[in-house]
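Student: Spelled out, the chains give:
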Amino acid sequence: MLIIALSLPSLAAPAQDANALLKSVDENLMPESYEAIRRLVNEEPDGGKKEFTFFTIKKGKEKIALLYIAPASEKGRATLRLGENMWLYIPNVNKPLRITSLQSIVGGVFNNADLMQLDYHAEYEAVSAGETANERILDLKAKNNTVAYDRLKMWVTKKDTILRKVEAYASSGMLIKTLEFKEDKDFGNGLVRPSVIETTSPLYKGYRSIIVYQRIKPRQFRDEVFTLNYLGRLGELR
Amino acid sequence: MRSLISWLFLVPWMVQAQEVPADPEPFEEKKLEWNGNLDAKYTAFHMDRGSALYKLQFVDAAASSAYLSQYRIEPYLNADYQTKDLGFHLKTHATYFSEDEASVDLFEAYGSYNPSFNSTLQAGKRVYNWGKGYAFNPVGYVNPVKDPENPELAQAGLLSASFEYVKSFSSPHLQTFSLHLVVVPPPPDLLNRYAEVQYTGFAVKGYVLLWDTDVDIIGFYRKDDRKQLGFDLSRNLRENIEIHAELSYSQGSSMYSITNGGLQEVRRDQYSSLAGFRYLHESNTTIIAEYYYNGGGMNPAEFETYVGFLTNAANSGNGVVAQQALGVSQRYFRGSTLMRDYLYVKLAIPEPFDWLYFTPSLYSIYNLNDRSFLVSASLSYKPITNVEFILWPTILTGTETSEFGGKMVRQRIEAWLRVYF
Chain A
1 MLIIALSLPS
11 LAAPAQDANA
21 LLKSVDENLM
31 PESYEAIRRL
41 VNEEPDGGKK
51 EFTFFTIKKG
61 KEKIALLYIA
71 PASEKGRATL
81 RLGENMWLYI
91 PNVNKPLRIT
101 SLQSIVGGVF
111 NNADLMQLDY
121 HAEYEAVSAG
131 ETANERILDL
141 KAKNNTVAYD
151 RLKMWVTKKD
161 TILRKVEAYA
171 SSGMLIKTLE
181 FKEDKDFGNG
191 LVRPSVIETT
201 SPLYKGYRSI
211 IVYQRIKPRQ
221 FRDEVFTLNY
231 LGRLGELR
Chain B
1001 MRSLISWLFL
1011 VPWMVQAQEV
1021 PADPEPFEEK
1031 KLEWNGNLDA
1041 KYTAFHMDRG
1051 SALYKLQFVD
1061 AAASSAYLSQ
1071 YRIEPYLNAD
1081 YQTKDLGFHL
1091 KTHATYFSED
1101 EASVDLFEAY
1111 GSYNPSFNST
1121 LQAGKRVYNW
1131 GKGYAFNPVG
1141 YVNPVKDPEN
1151 PELAQAGLLS
1161 ASFEYVKSFS
1171 SPHLQTFSLH
1181 LVVVPPPPDL
1191 LNRYAEVQYT
1201 GFAVKGYVLL
1211 WDTDVDIIGF
1221 YRKDDRKQLG
1231 FDLSRNLREN
1241 IEIHAELSYS
1251 QGSSMYSITN
1261 GGLQEVRRDQ
1271 YSSLAGFRYL
1281 HESNTTIIAE
1291 YYYNGGGMNP
1301 AEFETYVGFL
1311 TNAANSGNGV
1321 VAQQALGVSQ
1331 RYFRGSTLMR
1341 DYLYVKLAIP
1351 EPFDWLYFTP
1361 SLYSIYNLND
1371 RSFLVSASLS
1381 YKPITNVEFI
1391 LWPTILTGTE
1401 TSEFGGKMVR
1411 QRIEAWLRVY
1421 F
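Those protein sequence lines, which keep their order, are chains A and B.
Positions 1 to 238 (the working numbering) are the ones given, in order, by the first sequence.
Positions 1001 to 1421 (the working numbering) are the ones given, in order, by the second sequence.
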C-alpha cells in the first residue's frame, strides 16, 4: 500500500506537467476569444492549386464559427460548432443543417476538424513522450470519440513553448497526416506564433495543404453570434 | 441580355488567371459585394411518347423521335450591401433558351435593420427555409416549394416582413432561444395590385437549443386559408449519426382530386410528418434517409382517377379538352410527391479513391404507395477554382399508371457547367 501511495504522485506528475504544457501551447497559439483570417492553399502533384479564405471567430472553449469568404463558389457557406454540436449553413437556400461532428466540409488534405479546431487541451489528455535537444514531445489521447484524430504526437519548443509539429493518428495507429508549424510572425497584442501550417498526408501522396494566417486578433463576442440565427450574418462581423 | 451573359462568362476566367498571388495582400473589407454564377445546362431526354402527360404537353408540337434535347443558360446575379446595422440583399435569376424564350426572376430583394444586437427587422422578398428535413419539409409553411431532386437549389422567396429575436444562455440545458415572426401580405389579386387586409398571413417560429437538441415550434395563420401548427427537432445521437423529424397539423387544407371527370377541391384537416437521419460512415460516405408522409397527397384510388382523367383528355382528340387537362395538371398537381408515402435515400461519397474535388452521389425517391421510383446520380467535379462540372443521369421507373412511371420522361442526362464569380 505504501509503495502504491508513494508511486501515485510520481506517476501523476508527468501527466499534470504534460497537460500544463499543452495548455501553454494553446495559449501561445491563439487568444481564448479571437477573430482570424486564414488562407488555405491546396497544392496538387501536377502543380495545380486551389485556394480558400476563411473568416473564423472563436469564444471560450466550446464556440467556434467559420465563414468562407473566397472563392466565389463557396462564399457565404458557414459552419458553427458548439461543443459537440455542428451545423452547416448553405447560403443558396438560407438554411442551417445539423451535421455530424466528424463531417468534412472542404476537400483536400485538410478537413473541418483542422479548420474548426478547439483548444488541444480541451479535446486531448497529454503525457510526456520524450524530448530532443530543442523540443519536448507530447503524446495526446482524445478525451472522447467525437474528436477526428484518436491520437496526436506533438513537438513543442523548450525555449518558448511554440508548437512545431503534429502527427495525427487514427485509432488503428495509422498516420493520417503531419502538420508542420513554420514562419513565426508577430500578430500584435503580444502574440508571436507560426503563421504557416503545412500539411501532408500519406493518404494523399504528392498533395500538400498550406494554411497561412493573415490576421489573428483578440476579440470579444456576444454569445448570440454563435447561434443558427447568426450563421447567415457572420459576414457582418468582418 | 447578350452583354450580361458575355460578362458573366468572362469574369470567372479573369479571376482564375489571378489565382494564388505570390505575396497576397491583406484581406480588404468591402461593404458592397457582387457575386453570382452562370449555369450552362444541356439535357438529353428519352421521352415516353405513350404517356398521357407527353401527349398533352406536345399536342401541338409533334416530335419524330423519342430523344429530345434542351440547352439553356441560367445566370444568377447577387448583391449584398452591409454595414453594422443596415443591409440590402439582392438575388436574381434568369433562364435563357433563346431570344424568344427567356425570363428573369427576382429571387430575393430585402432590406434589414438591427434595432439591437439581439434583434433584426427585415422587409422585402426573401427565402425562408424552415424545417429540419433535407428533401422534404412538412413544417415549411413559408418555404418555397422544395425540389427533392435538388434541395440545395436557390429558389424564389416570399414577399414579407419579419422580426427575429435571439438570446443565448450560459445554462448547460437551454443554450439558445429565438423567435421569428413573419407577416405575409395577401397576393395582390385585385387589379393585380391590391389585396384585402383581412387576408394577411402570419407565421411564427420559436426555436430552442435544449439539451443539445434543436427544437422548433412553427405556426401559420391566414383567415381564408389553412391554419397550420407543427414542430421539428434534430439531434446528434453519436458523433457520426444525426436524426431529425417534423410533424405538421393542417386545419382546412385544400386537397385536390378528380371527381366525375372534373377538378374537386376539398378542405380538410390533415397531418404530415417526416423522420430521417444522416449517417457518416468511416469511409467518409454520408447517407441521408428520410421517410415522408404527405397527408395532403392522393391515395392510390384518387391517383388512378387522376391518371384516367389525363389519359382520357390525351386520347380525346380535342385540343381544348387537352389544354384544360394540362392546365389542371400544371396548376394543381405539380411537384414530385403527389401521393402519400415516400422514402428518400441519398449516398454521397466525397473524393473516392483519393480523387480530390470529385463528389459522386446517388439518390432515390421511392413512392411506397405505387412502388414507382426515381433513381439519380449526381457527379460533381470542381478541378479548378470557381468552376464546377456536373453530370446527372436520372431514371424513372414504374407502371404506366404510377407516379414516376407515368411521367413523360423515362430517362434524362444533364451536363452542367457552372462558373462562379
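The set of hints was computed from the structure by calculation and includes no laboratory data.
Heads up, a few of these hints could be off.
Said to hold, decoys possible - In silico BS3-like pairs for lysine-lysine, Cα to Cα no more than 25 Å straight-line: (1) A:LYS23 with A:LYS182; (2) B:LYS1031 with A:LYS61; (3) A:LYS75 with B:LYS1125; (4) B:LYS1227 with A:LYS75; (5) B:LYS1031 with A:LYS75; (6) A:LYS59 with B:LYS1084; (7) A:LYS217 with B:LYS1041.
Student: All hints are to be evaluated individually against the structure, with a verdict given for each.
Tutor: Verification of the supplied hints:
For the suggested pair A:LYS23 and A:LYS182, the alpha carbons sit about 20 Å apart, so the restraint of at most 25 Å is met. Using a Cα cut-off of 25 Å, the hinted pair B:LYS1031 and A:LYS61 is violated, with the two alpha carbons roughly 31 Å apart. For a cut-off of 25 Å, the pair hint linking A:LYS75 to B:LYS1125 stands: about 21 Å separates their Cα positions. Restraint check for B:LYS1227 and A:LYS75: the C-alpha separation of about 37 Å exceeds 25 Å, so the hint is violated.
For the suggested pair B:LYS1031 and A:LYS75, the alpha carbons sit about 15 Å apart, so the restraint of at most 25 Å is met. For the proposed pair A:LYS59 and B:LYS1084, the alpha carbon gap of about 20 Å is at most 25 Å, so the pair holds. Note on A:LYS217 and B:LYS1041: the hinted pairing is violated, with a Cα-Cα distance of about 44 Å set against a maximum of 25 Å.
Hint check: violations occur at hints 2, 4, 7; the rest are consistent with the structure.
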